[in-house]
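For the record, the sequence lines run as chains A and B. Mapping of the first sequence onto the numbering used here: residues 1 to 363, in sequence order. Mapping of the second sequence onto the numbering used here: residues 364 to 694, in sequence order.
Misleading hints may appear alongside valid ones.
[Unchecked claim] Partial list, derived from the structure: chain A residues whose beta carbon lies under 7 Å from chain B: (1) Phe13; (2) Val70; (3) Met79; (4) His89; (5) Gly99; (6) Ile102; (7) Arg103; (8) Ala289.
Derived from the structure by calculation, the hints contain no laboratory data. C-beta atoms are modelled at their ideal positions from N, C-alpha and C, and glycine is treated no differently.
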Amino acid sequence: MSAVVLKDIYKRFGAVQVVHGINLDVAAHEFVVLVGPSGCGKSTTLRMIAGLEEISEGSLTIDDRAMNRVAPKDRDVAMVFQNYALYPHLNVADNIAFGLRIRRMKKDVIARSIIEVAEILGLTEYLDRRPADLSGGQRQRVAMGRAIVRHPKVFLFDEPLSNLDAKLRAQMRAEIRRLHNRLGVTSIYVTHDQVEAMTLADRIVVMNDGRIEQVGTPMDLFMNPVSTFVAGFIGSPPMNQFTGTLESDAEGASVTIGGARISLPDTVPSDPGRDVIIGIRPEYVSLAAGEASSPVAIKLDLVEPLGSEALLHAAIGEDPFIIKAETFGDVSHLSGLTEVHVPAAMVKVFDAATGRVLNRAAG
Amino acid sequence: MTDLPASSAGSATGVSEPATRATEKPMRERLVRLADHFKREWQIYVMLAPMIIWFLLFLYKPMYGLQIAFKDYSIFRGIVESPWVGWEHFETLFNNSQFLRAVKNTVIISALSLIFGFPVPIFLALMFNEILHALYRRTCQTIVYLPHFISTVIIAGIVITAFSPSAGIVNTIIGWLGIEPVYFLTKPEWFRPIFIGSGIWQEAGFSSIIFLAAIAGVNPSLYESAVVDGASRWQMMWKITIPSIMPTIIIMLIIRIGNLMEVGFELIILLYQPATYQTADVINTFIYRQGLQSGQYDLAAAAGLFNAVVAFVLVMTANSISKRVSRTSLW
Ligand SMILES: Nc1ncnc2c1ncn2[C@@H]1O[C@H](COP(=O)(O)OP(=O)(O)OP(=O)(O)O)[C@@H](O)[C@H]1O
Ligand SMILES: [Mg+2]
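Starting from the given sequences, assemble the full structure and let the hints guide the process.
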């Protein structure tokens, strides 16, 4: 059963169309992350689901009920905002209880719910504090509490972690995922941070310029990006991309980049002369020769040790090429590097004109 | 009047800060630090200078003249040469039934205009905030702001005309209801309602701007969050808007209480007549008549000083009560 279904959703602000036809099925209990660059329409889409923006065209259903004309309060969704939207004049307990009081629930039910939620989120000792006297992470938790306490059908999150520092963000990210595992409430989560998307999502929706670029599991997007856009968005650092022309000889398809012949997987349709973009993940470059891999001469420019791995900033010809290599506790063996090997199976090939992948089935 | 701290409009956190413990530092060290600060940030002090000069010139220098409240002042002898008389003028004042009447009227008129006048701008601001149609809203705002820009003399003229027994619109209307014309401005019992009412008419709209600004400063996602939670517009007004602008309301209230003794006396002078002195004569009009018309500068200065001391006590009290009760205060 699908919990939330978006069908051909369009959004126009006056004459400007910002969402151009979105189709998305979110299954019950699923955690879906909308990710994409700034201004691509993630928040707008989320706000249409919440009912804060009117849907210009298309249909939205939640639990098989048409929602286009339903007021936000009757959609049974709860939303967590980027700036938490806590009421500064209310203490934590009253903030959490706000939605319940608005719905005129019984006093003892409210009191019990506050205690329960505070326990889940570790807020019990802060119930009397005002938001101004809390840390960023605690405020974030209160905002979560306000959503949880209502037991909604759907949670909507709009960049809830972007005001936190990196360490706290990682910690809260795990907490959100744990909470989802525990409560199992269908969640739609907006972020522009691909790490957040990868770690939280059951499925990721990559958006670009008001359209869905690709929907899939995190690993699916990582291994099989359908376009150069997704390839450049998912993964950190992103996939290296080079433009070239398809060639074909007895050994199969290849592309020549900066003088190096790079063999392509045999799933690439043979079409010599076609302009393509090839994508190579920094993680899938090996330092040693392997079966069916192409040697490539590189100019190493900079080694950035990260601990167990190092980022090598290099170039093939004039094109920048980033490689992620294992350090085995020492980076000295990396500094003199002049040649790396690119396994054919790991190379993605995209059409240069459309940016669409040509060897979808592989790898 | 005191300049409002600009932040008070938007911020909900209040304006006061816990007093720093700098006082315990040795004086020398603090002076050195001040000098350092001056060297580094002298531009700020230059910008501050005109305001400080203005204060010194127009607020502190005149205080020198306050001493005539305790002297038998004559313009020929000058301030310094006039002999001291101690509390004599105050004794005279408090034995003067006109002065006592003026004190009583000041308090009554102030209190009534605070009670009736203070909530009106807040109410207007909340109403404007609920008008969603932009053009309609702007039109309404312009209409209620307008009287503020009319000079008090003209306001008085309008009031006098409106309440005139022969051609005034008020008497015309009650005439339709079969009531005899009343010469309102000669009736002591009508003076206060007319004065307070016209004061509200003139200033309420304009005063609503500060509350509108405070409302505009409320984080919009508070409302969105409340909408998703199911709040109605009415609930949002009571549970979000009003609590959010409460610091502003309290600060405005403190200022108003501080000015409680400061009745807008131009309008009174323009509207009152000997027939209505009984309810209309306030301390400032009394000072005006004693000081400027009868030339008793020392007595008028004593009355003014009394007025200022009472006002000072009022602001201090209001501020400290507010600090304790609501964590909001002017300083
Ligand atoms: N009320 C509005 N009126 C006009 N245009 C709007 C409005 N709200 C959003 N837009 C436009 O719609 C587009 C999508 O905005 P949206 O807020 O959904 O982006 P986003 O993907 O959430 O970006 P970010 O990551 O920066 O939050 C933007 O180009 C924005 O300028
Ligand atoms: Mg956004």
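Taking the hints in turn, this is what the structure says about them:
| no. | hint | in the structure |
| --- | --- | --- |
| 1 | Phe13 | violated (16 Å) |
| 2 | Val70 | violated (12 Å) |
| 3 | Met79 | holds (5 Å) |
| 4 | His89 | holds (4 Å) |
| 5 | Gly99 | holds (4 Å) |
| 6 | Ile102 | holds (5 Å) |
| 7 | Arg103 | holds (6 Å) |
| 8 | Ala289 | violated (56 Å) |
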